[in-house]
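Protein chains in written order, with the numbering used here: chain U, 14 to 371; chain Y, 14 to 371; chain L, 14 to 371; chain B, 14 to 371.
Any given hint could turn out to be false.
One copy or two, it doesn't matter: identical chains are merged, so the pair holds either way.
List time: in silico SDA-like cross-link candidates among lysine to any residue, alpha-carbon distance up to 25 Å [said to hold, decoys possible]:
#	residue 1	residue 2
1	156	272
2	284	269
3	367	45
4	284	336
5	284	331
6	285	209
7	34	77
8	112	231
Read the hints as simulated data drawn from the structure, not as lab findings.
Please read these numbers as outputs of a predicted model, since none were measured by experiment.
Protein chains: 4
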Amino acid sequence: MAGNTIGSMFRVTTWGESHGKALGAIVDGCPAGLDLDESDLQEDLDRRKPSPSVSSTARNERDSVEILSGVFEGKTTGTPISMIIYNVDADSSSYDALKDVFRPGQGDITYLQKYGIRDWRGGGRASGRETAARVAAGAIASKLLAQSGMEVIAYTQAIGSIEIDRSRMTDPKSLRNVVRVNSLFCPDAQAAKAMEENIADVRNQGDSLGGVVEIIVNHCPAGLGEPIFDKMDADLAKALMSIGSVKAVEIGDGVAMSGSRGSQANDQMDKKGYLTNHAGGILAGITNGQQIVLRAYCKPIPSIAKPQRTIDSRGKEHRIEIRGRHDICVLPRIVPVCEAMVSIVLADHLLRQKAINE
Amino acid sequence: MAGNTIGSMFRVTTWGESHGKALGAIVDGCPAGLDLDESDLQEDLDRRKPSPSVSSTARNERDSVEILSGVFEGKTTGTPISMIIYNVDADSSSYDALKDVFRPGQGDITYLQKYGIRDWRGGGRASGRETAARVAAGAIASKLLAQSGMEVIAYTQAIGSIEIDRSRMTDPKSLRNVVRVNSLFCPDAQAAKAMEENIADVRNQGDSLGGVVEIIVNHCPAGLGEPIFDKMDADLAKALMSIGSVKAVEIGDGVAMSGSRGSQANDQMDKKGYLTNHAGGILAGITNGQQIVLRAYCKPIPSIAKPQRTIDSRGKEHRIEIRGRHDICVLPRIVPVCEAMVSIVLADHLLRQKAINE
Amino acid sequence: MAGNTIGSMFRVTTWGESHGKALGAIVDGCPAGLDLDESDLQEDLDRRKPSPSVSSTARNERDSVEILSGVFEGKTTGTPISMIIYNVDADSSSYDALKDVFRPGQGDITYLQKYGIRDWRGGGRASGRETAARVAAGAIASKLLAQSGMEVIAYTQAIGSIEIDRSRMTDPKSLRNVVRVNSLFCPDAQAAKAMEENIADVRNQGDSLGGVVEIIVNHCPAGLGEPIFDKMDADLAKALMSIGSVKAVEIGDGVAMSGSRGSQANDQMDKKGYLTNHAGGILAGITNGQQIVLRAYCKPIPSIAKPQRTIDSRGKEHRIEIRGRHDICVLPRIVPVCEAMVSIVLADHLLRQKAINE
Amino acid sequence: MAGNTIGSMFRVTTWGESHGKALGAIVDGCPAGLDLDESDLQEDLDRRKPSPSVSSTARNERDSVEILSGVFEGKTTGTPISMIIYNVDADSSSYDALKDVFRPGQGDITYLQKYGIRDWRGGGRASGRETAARVAAGAIASKLLAQSGMEVIAYTQAIGSIEIDRSRMTDPKSLRNVVRVNSLFCPDAQAAKAMEENIADVRNQGDSLGGVVEIIVNHCPAGLGEPIFDKMDADLAKALMSIGSVKAVEIGDGVAMSGSRGSQANDQMDKKGYLTNHAGGILAGITNGQQIVLRAYCKPIPSIAKPQRTIDSRGKEHRIEIRGRHDICVLPRIVPVCEAMVSIVLADHLLRQKAINE
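Generate coordinates for the entire structure from the input sequences, incorporating the hints supplied.
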């Protein structure tokens with residue numbers, strides 16, 4: 014089974030290459046009667062655009078999304094929603110030189126190993142550009158969740174070694190708005206400033222940065238998630254790890270808990286509810302009604318100007334300096350992508366739970 | 014879709030409750046002609062048994078596995094392999110008192126929230142006992158991988174705050190054997206000793222510990238993993254996160270890479286191969302032929318003797334002290350479970366790749 | 014993907030060989046809170062037992078089913094329901110002679126062609142005995158449907174060239190009871206008598222018979238079925254055709270409609286409802302609230318005493334006369350199997366529709 | 014799970030409404046390296062166009078297909094192949110009057126019952142126009158099968174009560190070419206002439222006709238099909254029954270065999286092979302290397318000029334005469350659709366078998 018579909022009841026399939034004609038997504042299983050138009054999707058897509066503080070000479074894509082099916086007179090009809098985003102500013106010429114050379118940290122070599130052929134233009138299917146289709150699909154999921162009062166918010170927790178200070182973090186009520194206007198989607202203005210300076214430095218050095226995205230889900234009902242293998246945390250981990258740059262996923266205080274004791278890690282309860290939320294809102298793979306908290310650890314952008322050693326498809330050694338239109342850090346662009354993936358998983362489990370619940 | 018099945022070509026379904034009649038697994042999709050008998054499975058199941066250093070008065074289960082179908086004259090036939098493990102030492106009496114009380118950190122409350130009913134005996138379906146069925150299925154996956162020369166080895170990297178020292182770690186060639194005989198499945202004898210002491214201390218304090226399992230895969234061919242959503246790392250993350258105690262999953266140097274730079278994180282190549290392996294053997298979701306390296310971060314066992322605050326199903330507050338047959342730490346018992354889950358995912362992707370590869 | 018599972022929300026997996034230790038089924042996705050005990054399943058299994066009028070020296074299997082998981086205190090818990098039926102009267106000795114010889118009309122040759130190995134004892138996995146597991150699973154589906162007021166009734170429409178006369182057919186209200194007591198599950202007593210005589214004749218000639226099962230569904234709500242590919246009729250056709258003997262499936266007046274005109278085939282409506290039901294209760298793949306009507310055309314039992322030409326696995330020619338424990342006609346034993354398969358598909362679509370319906 | 018996807022390894026998803034912007038299909042799982050360009054698809058799409066002898070004032074759609082992804086330099090890359098067909102001649106005005114009225118025999122009422130909303134323009138998603146997307150996907154499957162020497166040929170066996178005479182049928186070697194040029198895709202020229210006359214008559218009477226499509230598969234290797242539920246015949250039945258007009262599916266001599274005896278129905282063998290092919294090339298759900306033979310029974314086109322009784326969405330009674338752009342018979346246009354569906358199922362099973370076969 015090829016892997017371009019995620020979800021069982023709310024299913025998302027994406028297609029398209031970085032320098033092909035277009036990208037797109039199909040959402041199959043969205044219930045009928047949901048208000049939907051293109052502007053709902055466009056708003057999220059615009060948030061995925063290159064940020065001036067992070068990108069240098071970025072490719073100029075409007076990422077204008079068009080709905081081709083599944084919506085009639087402003088409402089979903091229950092049939093597949095097909096969305097398309099045409100590529101308008103693809104310039105493959107800068108990739109000509111890299112046609113046979115494997116860029117370190119990229120899928121160039123593994124796509125060739127897997128398929129015996131690869132579309133070398135702009136990373137082909139492995140390009141981060143594919144995530145535009147996810148964001149479009151995620152916007153539909155997000156509208157569906159909103160109907161049930163749920164809200165998914167992702168933001169920058171760290172870029173390079175600079176982390177947000179939670180004591181300075183914007184208050185929960187305004188969080189959603191704050192992290193949407195801020196150019197780094199960062200809820201701590203002081204940290205954001207330091208991050209911008211760091212990015213500028215690193216750009217001058219021809220290098221790149223990684224970071225951490227934190228995602229929270231408010232007002233998620235208890236009971237979502239399907240033991241044993243489709244636990245809510247398992248499906249969220251898969252969804253986030255399916256984003257190219259993400260190399261670790263953490264639920265609640267996952268990493269810290271591994272070094273702690275049961276008396277510290279357990280979330281005790283009194284009649285008013287849980288006293289803590291180390292579990293990140295998920296117990297035994299099922300949501301418990303608390304806020305869901307997740308973290309996606311992203312590796313640095315692999316395309317850097319600094320010289321690197323590599324080989325080409327005939328095994329010949331090269332030193333390459335990758336110039337052209339690249340970001341310095343995958344954050345903040347990846348933030349709405351994480352939000353989309355979490356929304357898709359939640360929408361799927363919301364429908365799955367409805368099926369078995371009286 | 015209920016979530017008791019994992020895999021698309023090599024599919025594993027588990028069933029059974031902690032104090033029900035039996036547990037079991039079905040493996041569907043195992044190719045015909047593989048040599049298989051019950052002793053192949055039993056060996057791995059025996060490794061999952063309570064370790065004297067970690068468990069106190071553990072339930073005494075032989076975990077004797079029986080193959081009911083799919084094997085004829087010592088070979089798999091291509092039809093579903095059904096395996097059963099009868100529960101022989103279930104004692105539900107100690108759970109009577111906990112029938113209506115939610116144990117902190119356990120799925121008691123969320124199963125009830127999800128299903129409106131729960132089998133309260135020994136954690137029911139949410140019990141770690143379910144993993145015995147995974148280990149039986151994983152042993153079949155492991156035999157299939159061995160046919161292609163692959164080997165999955167899991168071991169204890171940390172218990173509580175005590176980590177192994179990689180400079181003291183046993184050499185790669187003997188690793189598999191060393192971590193199998195060692196009572197904590199720990200490749201650093203000195204750390205193992207400290208871990209045992211720590212476990213003893215914590216037991217005396219009526220508390221419990223978490224830890225980290227590291228899993229490596231040797232000789233995995235390049236090309237396994239299905240972009241976009243069924244990336245190898247995404248499927249591995251899901252599989253590990255589906256284990257009850259696991260709350261974070263890391264591929265290669267995932268967490269550390271988020272704080273590093275591209276020039277440090279990229280694995281450069283020369284004609285002899287990769288110079289480093291920060292990516293943990295997976296690039297763009299596809300294996301690259303290097304060693305796969307993964308880490309599963311496990312929370313402490315939630316059942317502790319120390320008093321905890323909680324409520325019952327009517328909202329009444331309680332202070333509970335959980336005694337009875339519990340481990341102090343989920344490691345080392347979870348180590349073969351992680352090995353099983355990784356083996357299942359790899360076997361699945363091995364078959365998926367064969368389907369599209371000439 | 015191996016094919017031993019059917020359904021997406023209400024999923025049934027079967028396993029087991031004719032002469033293996035046991036057979037079984039897992040039902041995953043059954044909602045929690047359904048009253049269920051073994052006697053519910055046993056009743057349907059007993060209807061699948063050999064009928065004295067059709068079988069000669071049938072294998073004597075009690076087909077005693079045991080529930081191993083998923084039920085607690087008489088109610089389903091939402092976790093997988095594992096059912097097992099031990100084989101107690103398997104006698105492989107009569108198959109020794111057929112070990113290498115391909116019985117005409119059986120899967121002996123194709124299983125070997127597919128898997129390179131086969132369990133030759135009693136047909137192995139291809140045996141009609143596998144359908145016992147389907148009937149057990151179908152009984153659960155049937156209970157779920159009954160909660161929504163639905164009822165599935167299958168009966169014998171034809172055996173060999175003898176068909177029921179609809180004018181003599183028992184009245185709808187007593188249909189369910191009548192076809193359950195009758196030894197051929199035939200709703201026309203006169204036809205049943207002729208069928209029994211025919212069966213006796215054919216047995217004396219060392220030959221066998223085919224027949225037609227008709228299945229109706231009462232009180233099915235409108236709206237079930239998922240365009241485009243998972244249309245209700247498409248999923249029903251697959252489910253029925255997955256029964257070994259079934260070689261054609263018809264919805265409503267399917268075959269006759271192909272030779273008719275639109276003015277005859279369309280089901281017109283007035284305010285009281287549909288004037289006819291040529292469509293068999295399904296329009297554009299979605300149930301319309303009318304009675305669902307289906308037909309499964311079954312080939313004759315391939316194992317016959319009359320001499321037949323065949324070859325063995327080395328290509329050597331043989332003439333074989335198959336004696337031993339065989340039925341003369343797959344009806345009536347297949348009738349409850351058809352009922353089970355239709356129930357499973359409907360239960361699945363009932364849950365699927367709940368997921369998307371407010 | 015919504016039902017717009019078919020297949021597990023070779024997966025086809027279709028989307029689009031009759032009068033929406035466009036229709037399309039995604040093929041996911043096609044192996045890399047297959048030669049493919051748009052003309053390969055266009056040829057099959059052209060065969061699905063209205064035939065002058067059957068259609069009156071048909072909608073004039075070029076059905077021009079564009080490949081948007083998954084093909085690079087003339088070869089498939091292993092990534093999803095997205096295809097789009099823009100609607101250019103949709104005229105919804107004639108449907109205005111039918112906005113609230115349920116056309117007999119159409120999905121108007123059931124789509125509303127299922128979703129609570131419907132796109133009434135031209136039948137929306139339930140329109141036969143959706144099958145254009147299937148044909149495009151089927152053309153890719155067909156190319157994949159051709160690589161393994163397989164060939165799928167569908168043709169008209171009957172229109173209304175006029176059947177082909179097999180003694181007059183064109184010889185096997187030229188069959189593929191003959192049925193492609195012939196305007197009714199009918200392999201018996203004399204029957205074709207009678208069919209054309211019949212169609213003209215029926216058109217004058219404001220009525221419509223059904224018919225039967227026969228599909229054969231040459232050179233299919235033995236061993237394809239996955240017991241138990243995904244038997245080859247089960248999956249083929251589902252695929253054909255998922256076409257709107259098809260109401261019965263038959264494998265080999267399925268209907269006739271139900272009235273026959275084992276000694277007649279079994280396909281005996283000698284060392285040169287099978288002596289007959291009543292089973293239609295499939296034994297126990299697995300292909301046996303003989304020619305696969307299938308039949309799809311199609312109901313008459315429901316849209317007819319003759320007055321019919323019906324109701325509208327408020328339950329008010331109407332008499333309607335449906336004029337506009339309709340065919341008289343779903344054959345021959347459905348012939349390439351049947352060919353496509355059979356090709357898709359075979360391609361899927363070909364890959365599934367490769368996965369488990371050494």
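Checked against the structure, which of the hints given earlier come out wrong? Numbers 1, 2, 6, 8, in rising order.
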